[in-house]
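Chemist: Read off the chains here:
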Amino acid sequence: MIGGLFIYNHKGEVLISRVYRDDIGCLSTPYPSWERNAVDAFRVNVIHARQQVRSPVTNIARTSFFHVKRSNIWLAAVTKQNVNAAMVFEFLYKMCDVMTAYFSKISEENIKNNFVLIYELLDEILDFGYPQNSESGALKTFITQQGIKSQVRDKDEQSQITSQVTGQIGWRREGIKYRRNELFLDVLESVNLLMSPQGQVLSAHVSGRVVMKSYLSGMPECKFGMNDKIVIDKQQGKGATSDDSAKSGKQSIAIDDCTFHQCVRLSKFDSERSISFIPPDGDYELMRYRTTKDIILPFRVIPLVREVGRTKLEVKVVIKSNFKASLLAQKIEVRIPTPLNTSGVQVICMKGKAKYKASDNAIVWKIKRMAGMKESQISAEIELLPTNEKKKWTRPPISMNFEVPFAPSGLKVRYLKVFESKLNYSDHDVIKWVRYIGRSGIYETRC
Amino acid sequence: SVNTQYFIFELKAELNSDKKEKKKEAVKKVIASMTVGKDVSALFPDVVNCMQTDNLELKKLVYLYLMNYAKSQPDMAIMAVNTFVKDCEDPNPLIRALAVRTMGCIRVDKITEYLCEPLRKCLKDEDPYVRKTAAVCVAKLHDINAQLVEDQGFLDTLKDLISDSNPMVVANAVAALSEIAESHPNSNLLDLNPQSINKLLTALNECTEWGQIFILDCLANYTPRDDRESQSICERVTPRLSHANSAVVLSAVKVLMKFMEMLPKDLDYYGTLLKKLAPPLVTLLSAEPELQYVALRNINLIVQKRPEILKHEMKVFFVKYNDPIYVKLEKLDIMIRLASQANIAQVLAELKEYATEVDVDFVRKAVRAIGRCAIKVEQSAERCVSTLLDLIQTKVNYVVQEAIVVIKDIFRKYPNKYESVIATLCENLDSLDEPEARAAMIWIVGEYAERIDNADELLESFLEGFHDESTQVQLQLLTAIVKLFLKKPTETQELVQQVLSLATQDSDNPDLRDRGYIYWRLLSTDPVAAKEVVLAEKPLISEETDLIEPTLLEELICHIGTLASVYHKPPSAFVEGSRGVQHKRIPIRSGSGESSESQDTGGAPGATEAPAAVIPSQGDLLGDLLNLDLTPPTSTAGAPPGPPMPMGGMDLLGGGLDSLVGGGGSLLTPLSLMGSGFGAPAAVMPSSLNAPVGGGLGDLFDLGGGVGMPMGTFVPPKTLWLPAMKGKGLEIMGTFARRAGVIQMEMTLTNKAMSVMTDFAIQFNRNSFGLAPAGPLQVPTPLSPNQTIDVSLPLNNGGPVMKMEPLNNLQVAVKNNIDVFYFSCQYPISMLFVEDGKMDRQVFLATWKDIPNENEAQFQINDCHLNSDAASNKLQGSNVFTIAKRTVEGQDMLYQSMKLTNGICVLTELRVQTGSPTYTVSDRHTHALWVMIPARAGV
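As you go down the protein sequences, you meet chains A and B in turn.
Per the numbering used here, the first sequence starts with residue 1, numbered consecutively.
Per the numbering used here, the second sequence starts with residue 1001, numbered consecutively.
Just so you know, the hints here were simulated from the structure itself, not pulled from any lab data.
Among the hints, a few may not be true.
Negatives, chain A to chain B, calculated, CB over 12 Å [claimed, not checked]:
1. Tyr-119
2. Glu-285
3. Ile-348
4. Lys-422
5. Asp-427
Non-contacting residues of chain A with respect to chain B, defined by C-beta distances greater than 10 Å in every case (computed) [as the list claims (entries may be wrong)]:
6. Ala-41
7. Leu-92
8. Tyr-102
9. Val-165
10. Leu-202
11. Gln-235
12. Asp-281
13. Leu-297
14. Arg-300
15. Thr-311
16. Lys-312
17. Lys-353
18. Ala-371
19. Gly-372
20. Phe-419
Keeping only pairs whose Cα atoms sit at most 20 Å apart, straight-line, the calculated SDA-like set for lysine to any residue is [as the list claims (entries may be wrong)]:
21. Lys-155(A) to Asp-1054(B)
22. Lys-11(A) to Pro-1239(B)
23. Lys-1275(B) to Ile-253(A)
24. Lys-69(A) to Asn-1322(B)
25. Lys-268(A) to Pro-1324(B)
26. Lys-1029(B) to Trp-393(A)
27. Lys-1276(B) to Arg-300(A)
28. Lys-1320(B) to Arg-300(A)
29. Lys-11(A) to Val-1036(B)
30. Lys-1311(B) to Ser-203(A)
31. Lys-1038(B) to Asn-37(A)
32. Lys-1029(B) to Arg-300(A)
33. Lys-1276(B) to Asp-40(A)
34. Lys-1275(B) to Arg-273(A)
35. Lys-1265(B) to Ser-1286(B)
36. Lys-268(A) to Arg-1236(B)
37. Lys-1320(B) to Trp-393(A)
38. Lys-1071(B) to Asp-22(A)
39. Lys-1569(B) to Asn-59(A)
40. Lys-112(A) to Gly-1037(B)
No residue lacks a Cβ here, since even glycine has one placed at the ideal position from N, Cα and C.
Just need the whole structure built from these sequences, with the hints factored in.
Modeler: If you want it as structure tokens, here you go:
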């Protein structure tokens, strides 16, 4: 299991150090030689290493360091055993989530200001190196930044805390009450594309998330439905009219895989493919999914690069929007990489603004809005400094960013039903909001 | 320092403050100092005093301090025990748990004793939060004192907790038991049976994500009784594949991969399960990069074990421009594993793209991947080769080198198909500076020597810096030249001779020497066999390279998700102590012989062959090269003597053989020490010369006291050069003499065979001083059985020169009507001292001064019973001339000069220490100190 956890700043100074196991150094002396050695070894070998990180797991002198970096803060979990590596990384991410939930940004200043809190959290969420309940919602009930609050508790409240921390529904406390029961559901998708210069799709997939904000009283039982092809096909099998099936069949989507928040009953999904759960209170991510079939690619990028002699490049890029004309895409940005020896760029674009950013080695073309079924074009002349470098410039792909008000996967929310048997409110009383946002993930076209 | 002391003093005051807030702030400061590595142990009593508080936050801080310093202050730590014990009874479960959690972290024996009772209570606490904490505490205590845990019966209580109503308690109990069980490999601690498994599977649905991992990892150690149980467990584990936590998913994959092995392949469920595994594995690739890396390392194993799972998922492993380098490299690996005829076009297009990226490692790997595709998918080979050629045209140095390395493998896989590209490869010869690429190129030249007109020139160009090459290149060069020689023997004898002696004489790398000797022996004893061995048809290289060895792969599959699967090493390779030493195995379906069958494909057929014969004696080592391209050597038995053999024909007679034969002390003769000053005059002499004087000059002294030696050149007695056994009945004894300025090789030939011998001829191999027969060997023939004759062969020094080891080694071939025989012998260096070696005094003095000190060597001759004058006379007979004599403090100093046939002068200072004033020969025990200075040739 995890033997110790260290947090460093970018200079390699230790901000937090918590040792759980003797094997990574004995606890006897204040800062025993090994531990300091390990602390230093990590600093020298990873933080101060000249080259970029070659592996997120580094073995130094039979000691393994798992490390992640958030802004300029390094988190390192240390062990000498054959630990579950995936678990250690998941834990480090969770640790980041918890810290973010407590003091928003993970920064050197915030860590220094909250070091007592962090030690308290580390004591709670890792015991002898075994991760324990790390849901920030539950933790916040008994680890607070105002120490005094923890004193004024009656016995009921205490056992409520412990049963929540250890309970089956560790993500939700009892007795939540809202005057207005309300639900916000966001379908957030990122569409990823790698396209060849000739317009052939090399790979494309959508990774989507269903994010919820639930403000519901009591312990509501929820059921979520979407146009999942497997579910729809099943229902059709039960004797739907041919008209219906043609209609719904068109709309259903094939989901390659999905994963759920721990509140979702996985065995029920496995057997019936229904998504039922008691939701956490407030913000959470209900599910993630991935689709690869019949993806709507909102934009098509058509690049044309011509080398004119050794000192000039001509670039022409056309973008075409490929969705309903009534919809508007926003925050469109096209990045056209330029060679390192670029000396000057002249750009002409029909729409939006384009600029050459020398620091990024790219022409950045921004368009605020663009309706569906339109196209726009940019042309640029790039002057190059003559170089004697033998190696040809390797053209990085043209990348694109955008946001569209639909789900490129074609996913539709069919229903989200809420049942609360003890309290007297019904599914109809809950106000529900659904929103679809499609964003670019890695959306690249080679040129 | 004063500052620290002041700081501590100030904190002490604050810790003892009456105000709660001030106290707390002070403890916070203490913890802050602790974090940055300051020693605040001096404050122990003051901090412990703050422990008794109802402020939970303050208590936690004090506990944190205690965990860090208790071990260094065990006596004072006892002060805290009472508070702990009291806290374990606190009405607040959070405090009870905190106390038992912290107590377990204080590794002080005295405290451990006090821990038992509170722990026992906490294990049975009404609150699950306390129980789950106590469960982990048992593991902590076990780590400190395993015996105590057993004696106190905690293990049984822990086992009971597996049936606890609270899933988190179950999960922590499983974690604790699994850890304890690891240090007791044979105990039945976990006692997994269908009932307990059922309990675990029930808890699996209810506990936290971390608990699910503990349970799944534990389940993976279970071996189901039959395929039914296996299937039912799999059914209950598969829903975990949809968990948002990647570690849960990977641990579930581990259980499934293991238990699947027990399912009959024709079962429908088996196919279903295979299909279910792919999507979650692909989903792992959209996790954060660090997790992607872990996932990819595991997928690499899974793909090797069960390629069918991901065979349609190639595209998801395409590299994204912004992937971290470690993700890119791993993806590339998996792409190659998944490459097949169906997807090869896409894969190749991708790889070509990658080969132009920035990161050098990545580009290299991409180029290598193209080669691996060619080998794996035959239909793509041609396209791969042309892609590689395109890449070579880029002239990017590391791309070219990588491409050449893989093209070598492609040649091996598809012989006689792509050799047309060799010319292009040869153009890049000069740019290769990496050993692997050089070795690959040399291999190609050697392998296709017959198609490359200037193969000998190409290889010779590598030979120049032979000793600066890495072993890999040296070995390859040796083999390549031998191949070349076997293919084009007439033009390349010198070359092969050169490489063989470089490998065997001048190298101290045992592998290289061994390979050299083996080739040599092969070439000399049986050239036809040599051809069969060296130019044998090579087994085709396998399609898959870099596969993990099957038993290791099985073990790693059992460790999916863990560090072992990331490192691709068994835990024993990186975990110290007892943990992880157990090797995990995949269960095998009863009645399935599958896995045992797959095992025996490994052993190469050649591995069991008899070990090579013991070190051969010298006769065997030398072979007939002239027969090489004709027929086996035996067929020449009755052949007429023919014209004198050309010198080159014997070139294979090598030096170095003698060291194999085991010449004992004679290997290091004094003059051989001069060797380095002779081939390269400015070379530095070895500084520590403690070798005893053996052959060379020492002989002159040894014999000095002997019986009636005629004055004149010293002639050593004849020794056996060719025993009758090796000479098919011909025995040769011989020695060397210098008579009237001519070196004579004096031999006694005895025919011990049953038939007459005729047609004698002799030849020498190249040697240090260019010795060669001045005329043909005059043997009055026929030599009848049992007849003995003495022959004397005059020698000159007009033959080809090559430095030998030892320097005075001579390799000889004698031919008669029966066969050709080879032997080597050593001539006394004094044979080479010429009569006009006496130097003018002035010249001597000047020369002495001119010769740098590093060309000086010193050694002693013991047991020489001669006075200086007698020695001087004796030496004069062997053309060692005394130029001057001085006597200093009872020491006679003789200054002498000698000149070798090749013009090298040697100047010596001979000091003879006279032990007693009376010059009684018999009593005198003389130690002589020699100083030898090899001079530049031509002096």
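Chemist: Confirm or reject each hint.
Modeler: Hint by hint, here is what the structure shows:
1. Tyr-119: At roughly 6 Å from the nearest Cβ of chain B, Tyr-119(A) sits no farther out than 12 Å, so the non-interface label is violated.
2. Glu-285: 7 Å, violated
3. Ile-348: Holds, since 27 Å exceeds 12 Å.
4. Lys-422: 21 Å, holds
5. Asp-427: 25 Å, holds
6. Ala-41: Non-interface label on Ala-41(A) holds, nearest chain B Cβ at 15 Å vs cutoff 10 Å.
7. Leu-92: 8 Å, violated
8. Tyr-102: 14 Å, holds
9. Val-165: At roughly 6 Å from the nearest Cβ of chain B, Val-165(A) sits no farther out than 10 Å, so the non-interface label is violated.
10. Leu-202: 7 Å, violated
11. Gln-235: 21 Å, holds
12. Asp-281: Nearest chain B Cβ is 17 Å from Asp-281(A), so the label holds.
13. Leu-297: 15 Å, holds
14. Arg-300: 19 Å, holds
15. Thr-311: The assertion about Thr-311(A) holds, with a minimum of 21 Å to chain B.
16. Lys-312: About 21 Å separates Lys-312(A) from the closest Cβ of chain B, which puts it past 10 Å; holds.
17. Lys-353: 25 Å, holds
18. Ala-371: 29 Å, holds
19. Gly-372: It holds; Gly-372(A) is separated from chain B by about 27 Å at its closest Cβ, greater than 10 Å.
20. Phe-419: At roughly 21 Å from the nearest Cβ of chain B, Phe-419(A) sits farther out than 10 Å, so the non-interface label holds.
21. Lys-155(A) to Asp-1054(B): 15 Å, holds
22. Lys-11(A) to Pro-1239(B): 44 Å, violated
23. Lys-1275(B) to Ile-253(A): 19 Å, holds
24. Lys-69(A) to Asn-1322(B): This hinted pair holds, its Cα atoms lying about 16 Å apart.
25. Lys-268(A) to Pro-1324(B): 37 Å, violated
26. Lys-1029(B) to Trp-393(A): Cα-Cα ~56 Å, so violated.
27. Lys-1276(B) to Arg-300(A): 33 Å, violated
28. Lys-1320(B) to Arg-300(A): Between Lys-1320(B) and Arg-300(A) the Cα gap is close to 18 Å, so the pair holds against 20 Å.
29. Lys-11(A) to Val-1036(B): 13 Å, holds
30. Lys-1311(B) to Ser-203(A): It holds: about 16 Å lies between the C-alpha atoms, which stays within 20 Å.
31. Lys-1038(B) to Asn-37(A): Satisfied, since the Cα-Cα distance of roughly 15 Å is no more than 20 Å.
32. Lys-1029(B) to Arg-300(A): Violated. Lys-1029(B) to Arg-300(A) sits at ~59 Å, over the 20 Å cutoff.
33. Lys-1276(B) to Asp-40(A): 45 Å, violated
34. Lys-1275(B) to Arg-273(A): Roughly 16 Å between the alpha carbons, so the hint for Lys-1275(B) and Arg-273(A) holds.
35. Lys-1265(B) to Ser-1286(B): Given that 20 Å is the threshold and the Cα spacing comes to 31 Å, the pair is violated.
36. Lys-268(A) to Arg-1236(B): Holds, at about 11 Å.
37. Lys-1320(B) to Trp-393(A): The hint holds at about 18 Å.
38. Lys-1071(B) to Asp-22(A): At roughly 11 Å apart (the allowed maximum being 20 Å), Asp-22(A) and Lys-1071(B) satisfy the hint.
39. Lys-1569(B) to Asn-59(A): OK: Lys-1569(B) and Asn-59(A) at ~12 Å, within 20 Å.
40. Lys-112(A) to Gly-1037(B): 15 Å, holds
Checked against the numbered hints given earlier, this structure breaks hints 1, 2, 7, 9, 10, 22, 25, 26, 27, 32, 33, 35; the rest are met.
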